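*Asks:* These protein sequence lines are chains A and B, in that order.
Using my numbering, read the first sequence as starting at 76 and increasing by one per residue.
Using my numbering, read the second sequence as starting at 76 and increasing by one per residue.
The hints are all genuine.
It does not matter which identical chain is meant; a pair holds if it fits inside one copy or across any two.
Straight line, CA to CA, 25 Å or less: simulated SDA-like cross-link-like pairs of lysine to any residue:
| id | residue 1 | residue 2 |
| --- | --- | --- |
| 1 | LYS523 | GLY440 |
| 2 | LYS249 | GLY216 |
| 3 | LYS597 | TYR492 |
| 4 | LYS79 | GLN149 |
| 5 | LYS252 | THR220 |
It should be emphasised that the hints constitute simulated quantities derived from the structure, not laboratory data.
Just so you know, these numbers come straight off a predicted model, no measurement behind them.
Protein chains: 2
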Amino acid sequence: MQFKNLNELSAFSQLKTLKPINLHTQLDARRIERSTVPCGGGLTYNWAAMPIEESHLRAFQALADEQQLIEKYQALLGGEVMNTGEGRLVLHHLTRGRVLGEDTSVFIDEEEKGSFYQEQLAAIESFSQAVRQGELLSSTGKRFTTVVQIGIGGSDLGPRALYHALKGSLPSQKRLKAYFISNVDPDDGYEVFEELDFESTLFILVTKSGTTQETLTNYEMVKQSMLDLGIQGLDPSKHIVVVTSKSSPLATSDQFLRAFYIDDYVGGRYSSTSAVGGVILSLIFGFDHFKEFLKGAHSADVAALELDVKKNGALLDALIGVYLRNVLGYPYTAILPYAQPLLRFPAHLQQLDMESNGKQVNRNGEPIEYESGPVIFGEPGTNGQHSFYQLLHQGTSVVPLQFIAFKESQRGEDIEYEGSTSHTKLNANLIAQIVAFAKGKSDNNSNKNFPGNRYSSLILGQKLTPYSLGALLAHYENKVMFQGFIWNLNSFDQEGVQLGKVLANQVLSGEVEESALKGYMKLLLGE
Amino acid sequence: MQFKNLNELSAFSQLKTLKPINLHTQLDARRIERSTVPCGGGLTYNWAAMPIEESHLRAFQALADEQQLIEKYQALLGGEVMNTGEGRLVLHHLTRGRVLGEDTSVFIDEEEKGSFYQEQLAAIESFSQAVRQGELLSSTGKRFTTVVQIGIGGSDLGPRALYHALKGSLPSQKRLKAYFISNVDPDDGYEVFEELDFESTLFILVTKSGTTQETLTNYEMVKQSMLDLGIQGLDPSKHIVVVTSKSSPLATSDQFLRAFYIDDYVGGRYSSTSAVGGVILSLIFGFDHFKEFLKGAHSADVAALELDVKKNGALLDALIGVYLRNVLGYPYTAILPYAQPLLRFPAHLQQLDMESNGKQVNRNGEPIEYESGPVIFGEPGTNGQHSFYQLLHQGTSVVPLQFIAFKESQRGEDIEYEGSTSHTKLNANLIAQIVAFAKGKSDNNSNKNFPGNRYSSLILGQKLTPYSLGALLAHYENKVMFQGFIWNLNSFDQEGVQLGKVLANQVLSGEVEESALKGYMKLLLGE
Numbered sequence: 076m077q078f079k080n081l082n083e084l085s086a087f088s089q090l091k092t093l094k095p096i097n098l099h100t101q102l103d104a105r106r107i108e109r110s111t112v113p114c115g116g117g118l119t120y121n122w123a124a125m126p127i128e129e130s131h132l133r134a135f136q137a138l139a140d141e142q143q144l145i146e147k148y149q150a151l152l153g154g155e156v157m158n159t160g161e162g163r164l165v166l167h168h169l170t171r172g173r174v175l176g177e178d179t180s181v182f183i184d185e186e187e188k189g190s191f192y193q194e195q196l197a198a199i200e201s202f203s204q205a206v207r208q209g210e211l212l213s214s215t216g217k218r219f220t221t222v223v224q225i226g227i228g229g230s231d232l233g234p235r236a237l238y239h240a241l242k243g244s245l246p247s248q249k250r251l252k253a254y255f256i257s258n259v260d261p262d263d264g265y266e267v268f269e270e271l272d273f274e275s276t277l278f279i280l281v282t283k284s285g286t287t288q289e290t291l292t293n294y295e296m297v298k299q300s301m302l303d304l305g306i307q308g309l310d311p312s313k314h315i316v317v318v319t320s321k322s323s324p325l326a327t328s329d330q331f332l333r334a335f336y337i338d339d340y341v342g343g344r345y346s347s348t349s350a351v352g353g354v355i356l357s358l359i360f361g362f363d364h365f366k367e368f369l370k371g372a373h374s375a376d377v378a379a380l381e382l383d384v385k386k387n388g389a390l391l392d393a394l395i396g397v398y399l400r401n402v403l404g405y406p407y408t409a410i411l412p413y414a415q416p417l418l419r420f421p422a423h424l425q426q427l428d429m430e431s432n433g434k435q436v437n438r439n440g441e442p443i444e445y446e447s448g449p450v451i452f453g454e455p456g457t458n459g460q461h462s463f464y465q466l467l468h469q470g471t472s473v474v475p476l477q478f479i480a481f482k483e484s485q486r487g488e489d490i491e492y493e494g495s496t497s498h499t500k501l502n503a504n505l506i507a508q509i510v511a512f513a514k515g516k517s518d519n520n521s522n523k524n525f526p527g528n529r530y531s532s533l534i535l536g537q538k539l540t541p542y543s544l545g546a547l548l549a550h551y552e553n554k555v556m557f558q559g560f561i562w563n564l565n566s567f568d569q570e571g572v573q574l575g576k577v578l579a580n581q582v583l584s585g586e587v588e589e590s591a592l593k594g595y596m597k598l599l600l601g602e
Numbered sequence: 076m077q078f079k080n081l082n083e084l085s086a087f088s089q090l091k092t093l094k095p096i097n098l099h100t101q102l103d104a105r106r107i108e109r110s111t112v113p114c115g116g117g118l119t120y121n122w123a124a125m126p127i128e129e130s131h132l133r134a135f136q137a138l139a140d141e142q143q144l145i146e147k148y149q150a151l152l153g154g155e156v157m158n159t160g161e162g163r164l165v166l167h168h169l170t171r172g173r174v175l176g177e178d179t180s181v182f183i184d185e186e187e188k189g190s191f192y193q194e195q196l197a198a199i200e201s202f203s204q205a206v207r208q209g210e211l212l213s214s215t216g217k218r219f220t221t222v223v224q225i226g227i228g229g230s231d232l233g234p235r236a237l238y239h240a241l242k243g244s245l246p247s248q249k250r251l252k253a254y255f256i257s258n259v260d261p262d263d264g265y266e267v268f269e270e271l272d273f274e275s276t277l278f279i280l281v282t283k284s285g286t287t288q289e290t291l292t293n294y295e296m297v298k299q300s301m302l303d304l305g306i307q308g309l310d311p312s313k314h315i316v317v318v319t320s321k322s323s324p325l326a327t328s329d330q331f332l333r334a335f336y337i338d339d340y341v342g343g344r345y346s347s348t349s350a351v352g353g354v355i356l357s358l359i360f361g362f363d364h365f366k367e368f369l370k371g372a373h374s375a376d377v378a379a380l381e382l383d384v385k386k387n388g389a390l391l392d393a394l395i396g397v398y399l400r401n402v403l404g405y406p407y408t409a410i411l412p413y414a415q416p417l418l419r420f421p422a423h424l425q426q427l428d429m430e431s432n433g434k435q436v437n438r439n440g441e442p443i444e445y446e447s448g449p450v451i452f453g454e455p456g457t458n459g460q461h462s463f464y465q466l467l468h469q470g471t472s473v474v475p476l477q478f479i480a481f482k483e484s485q486r487g488e489d490i491e492y493e494g495s496t497s498h499t500k501l502n503a504n505l506i507a508q509i510v511a512f513a514k515g516k517s518d519n520n521s522n523k524n525f526p527g528n529r530y531s532s533l534i535l536g537q538k539l540t541p542y543s544l545g546a547l548l549a550h551y552e553n554k555v556m557f558q559g560f561i562w563n564l565n566s567f568d569q570e571g572v573q574l575g576k577v578l579a580n581q582v583l584s585g586e587v588e589e590s591a592l593k594g595y596m597k598l599l600l601g602e
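Required output: the full structure, derived from the provided sequences and hints.
*Replies:* Shown next, in the form of C-alpha cells:
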C-alpha cells in the first residue's frame with residue numbers, strides 16, 4: 076500500500092483535464108434515473124445534478140484505484156495505525172460491528188477491541204433499562220425522567236444532532252427528556268437548569284481525557300447547583316454517570332453512579348456510535364432504538380467497501396467533492412436537509428468534516444500543495460429557501476449543495492391542505508430547488524435571471540428512522556475518510572485546537588508575556 | 076447623488092494597491108487600544124486583528140466619500156426609493172425612531188409612516204399588557220402562558236434569534252414560554268404541538284403578503300389540531316393573532332383575535348423591530364423590554380450617520396469586509412459569538428447578509444463585474460473551538476472571522492472553579508483565539524505549525540441586554556446596507572427566491588413539462 080499526495084497521482088492529472096458538463100441541456104429524467112447509487116441502510120446518493128458524465132466516472136475510478144482507497148479503508152478496519160500524527164488505530168467502525176467479517180479481531184495490549192466495545196454496549200443496555208424501567212431511582216427515590224449530557228465538541232454535537240433527529244421517532248411518553256450543556260459560558264448551563272427538577276435528573280459527564288476545561292467546569296456547576304438546593308438526601312454522585320477513557324483521572328472516581336468507557340481509537344467527532352452517544356440515546360429512546368441506529372451505521376460501513384465507484388455512494392460523494400474542490404475550485408459546500416429533525420445535523424458535519432480535513436500537512440506532516448477540506452454550513456429546507464438561498468441562486472459565487480430528503484415524514488402525522496400534504500409540499504419544494512439551481516431561467520430582466528449550473532447532489536431515504544440515521548451518519552464519516560485518503564491527510568487528529576488551549580491557560584494563570592494577549596485582556600477582562 | 080459600480084471608483088483602484096499588513100509583527104497592546112470604534116448602544120468594534128493600517132483607513136474614507144455612503148443612508152432615511160427593483164422606500168429604521176431628527180416625516184399615500192409604526196407599537200403595548208396581566212383570557216377562560224410564532228424567513232429567523240438572545244435577561248417566571256413553527260415539514264409543527272396546552276397558548280401568524288405557502292399551511296395545521304382536541308368552547312379564532320400588511324387577504328378576516336400591521340417598506344429580514352418581532356417579544360418579555368431593544372437599535376442607527384470611518388463601527392466593518400472580499404478575495408466570513416444566548420444569531424445574519432447582498436446585478440439590474448456578498452456561517456464559542464476551528468487555524472483556506480463578546484455574563488449567575496469564573500474562562504478563550512489566529516506559532520513539526528495572519532474583528536459590549544442586542548442587530552443591518560451601497564446593489568429585494576416558488580407550484584399542480592422535474596418527482600414522490 077502506498078501513500079501519495081494528490082498532485083502526484085496520474086489519475087488526478089487526468090481528472091483536471093475534464094470540464095464540467097452543462098446541466099442546462101444535460102439534466103433530464105433519464106439522467107436522474109441512471110444516477111442513483113446505494114449508500115447502505117436503505118439510503119441512496121443521486122448525482123444527476125452534479126456536472127459530471129461517464130468520462131468523470133472513469134477518472135474517479137482510476138483515482139480511487141491508484142490511491143487505493145478501498146484498500147486503505149480495509150487497512151483501517153484491520154487495525155493499521157491510520158492516525159499517524161498520534162500513532163493510533165482508528166476503530167470507530169468497530170463500535171457498530173465487524174465490517175470485514177466476524178473473525179476480524181483487533182488487539183491492543185492483549186485487549187480485543189471488538190469485545191471491549193461490546194462489553195460497553197452490554198453495560199449501556201442493562202443500565203439504560205434499569206433507569207427507564209424505574210428499577211434504578213434517584214438519590215431521593217424519584218424516577219429519572221430527564222437526562223442531561225455535559226460535554227463539548229464530539230461529546231456534544233453528534234449526540235445532540237442525533238437526539239433531535241430521532242425525537243419524532245417515538246411518542247413523547249416513551250422518551251426521557253433530554254438537555255445538553257456544552258459551552259463554558261455560564262449562561263448555557265443556567266439556562267438548562269431552569270428546566271430541571273434535579274431530583275429526577277440524571278447527568279452524563281462525557282470527556283475522554285477527563286481534563287476538558289469546559290466540561291469539568293460545567294460538572295462543578297451542576298454539583299454546586301444541586302447542593303445549593305439544600306434538599307435532604309440529594310446526592311450528586313448518585314445522579315451523575317461518566318463516559319471517559321480508562322486512563323482518565325475520572326475513571327476510578329467514586330463520585331459517579333456508573334462509569335462507561337471509551338478509548339483513544341475513536342476520535343471525538345467519530346464517537347456518536349460509542350458510549351459517547353450510546354448512553355444518552357439509550358436512556359432517551361431505549362437500547363433497542365440505539366441498536367437499530369448502530370445497525371444502520373454498520374450497513375453503510377459495509378456498503379462503503381464496494382470497489383466500483385458507481386456502486387459506492389460514500390466513495391463517489393467523496394470523489395465528486397474533490398473534483399469540486401480541487402478542479403473547479405469551490406471552497407465550500409452547503410448541507411441542506413429537507414427534514415426538520417436534522418436541524419442540528421449540519422453543525423455535526425461541520426465538526427466531522429472541517430476538523431478532520433481542515434489540514435495543511437499530509438499524513439507524514441509534510442505541507443501539501445493543494446486545497447483540502449472545504450467550509451461546511453447549512454440549515455434545513457424549506458427554511459433556508461426564505462433565507463440564504465438568494466445568494467445560492469443569484470450570488471456571484473457558486474456554492475455546491477448537498478440535499479438530504481426522505482419520502483415519508485418521520486412522525487407520520489400530516490394534514491392535507493390545498494390538494495397536498497405538508498410533506499408533499501416539502502418535497503415538491505426540494506424538487507423545484509434542485510431543478511432551479513441546475514437549469515436556471517433566462518429573463519430579459521437581469522434581476523430575474525437565474526444562471527443555473529449550480530450543482531447539487533441528493534441523499535435520499537424512505538423515512539428518518541434510527542436505522543437510516545445510522546447509515547446517514549456513517550455515510551458522512553466514510554466520505555470524510557475517503558477524502559482524507561485522497562488528499563493523503565491524517566483525518567483523525569486535530570493539532571489545530573492546541574494553541575488556543577495553551578494561550579487560554581496563560582491568560583487564566585495571569586502569566587502572560589505576549590503584548591497582544593495583554594491588550595485583549597485589558598479590553599475584555601479589564602486587566 | 077450618484078450611483079457608481081465599485082470598479083468605477085477611483086478610491087477602489089487605490090484600495091486595490093494596498094497589501095495586507097503582517098499581524099505577526101504588528102499586533103500588540105498599543106494597536107489594540109487604538110483600534111476601537113463606537114457602534115452605538117454601548118457596543119464597540121475593534122479592528123486590531125484585521126490586516127489594515129493608516130493607509131487602508133485613508134482609502135476607506137476616500138471610498139466612503141466617493142461612493143457617498145452616508146449621503147445614501149440619509150437619502151434612505153429621508154424616504155427615497157432605495158429598493159429600486161420593487162420601486163419601494165426602505166423604512167425599517169423608522170420602526171425604532173426618527174434618525175435624522177424629530178421633524179423628519181415620510182409620507183406614502185397621505186399616511187405618515189412614522190406615526191403608522193408608532194400606532195402599531197401602541198397596539199402591541201396594550202395587547203401584550205392585557206395578555207401578560209391576565210386581563211385577556213383564552214377561549215376557555217385560561218391565562219395565556221405560551222406563545223407560538225408561525226412564520227418563515229424574516230418572520231422566523233430574526234425573532235427566534237432575539238428570543239434566545241434575551242431569554243436569560245428575565246427570570247423564567249416573568250416570561251411567557253415561546254415556540255416557533257416555520258418549516259412546511261409537518262415534523263416541525265407536530266414536534267412543537269407535543270409541548271403545548273392549546274387552551275393556554277396564543278399563536279401569532281406572521282406573513283406580510285398573507286400568501287406564504289409554508290405559513291398558511293402551518294396555520295391550517297394549528298387550527299385542525301386545536302379542533303381535533305374536541306374541547307368545548309376552544310375556539311382557534313380566539314387564540315390566533317395575525318401580523319400582516321393591510322393589503323393582505325388576512326388583514327380583514329374575522330378569524331383572528333387581533334391584527335397588527337406591517338407594510339411593504341420593511342423587508343422581512345429587516346422586520347424584527349416592526350410588529351413581526353414586536354408582538355412576540357412584547358408578549359414573552361413585556362413591552363418595556365421590547366422598547367429598550369428598539370432604543371438600542373435606534374442608538375446604532377444614529378451612530379451610523381458619522382462621516383468619519385474611524386468613528387463609525389458599522390461603516391468601517393462594511394469597508395473592511397469589502398477589502399477582504401474584493402481585494403484579498405475571501406468568499407466567506409464566520410460569525411463567532413462568545414455568548415451562548417446568541418446561538419441562533421448567525422442564522423439570522425445568514426439571511427440578513429446573504430439575502431441582501433447575494434446579488435449579481437446592480438441596483439439598475441445591470442450585471443456587476445466584481446464579487447458581492449460572502450457566505451456567512453457560525454456557531455457560538457467556545458463550542459466552535461472543539462469543532463470547526465481546526466480548519467480555521469490550519470486549513471488551506473483563510474476564513475475571515477468576526478467575534479462578538481460581552482464583559483459580563485447575561486444572567487450574572489456563575490461559579491468560581493480553579494481560580495476563575497466560567498465567564499472569565501469564556502473570555503480568556505476568546506482572547507487566546509484572536510491572538511492564536513493572528514500571530515500563529517512556528518513549530519519544527521509542521522503538523523503543530525500555525526501560520527497565523529488569520530484575520531478577525533471583535534464586536535464588544537458590557538452585557539447582553541435588550542438595549543445592546545438592539546444595537547447589535549442594527550449594527551449588522553447598517554453594515555449590510557453600507558456594503559450594498561459600496562457594491563451598488565439593491566439590498567432590499569430578493570428575486571432569487573421566485574423561481575423555486577413557481578416550480579414548486581408546478582410540481583404540486585401536476586402540470587409539469589420539464590423532464591428534470593418529472594425525473595425528481597418520480598424519485599421523491601413516486602409519481
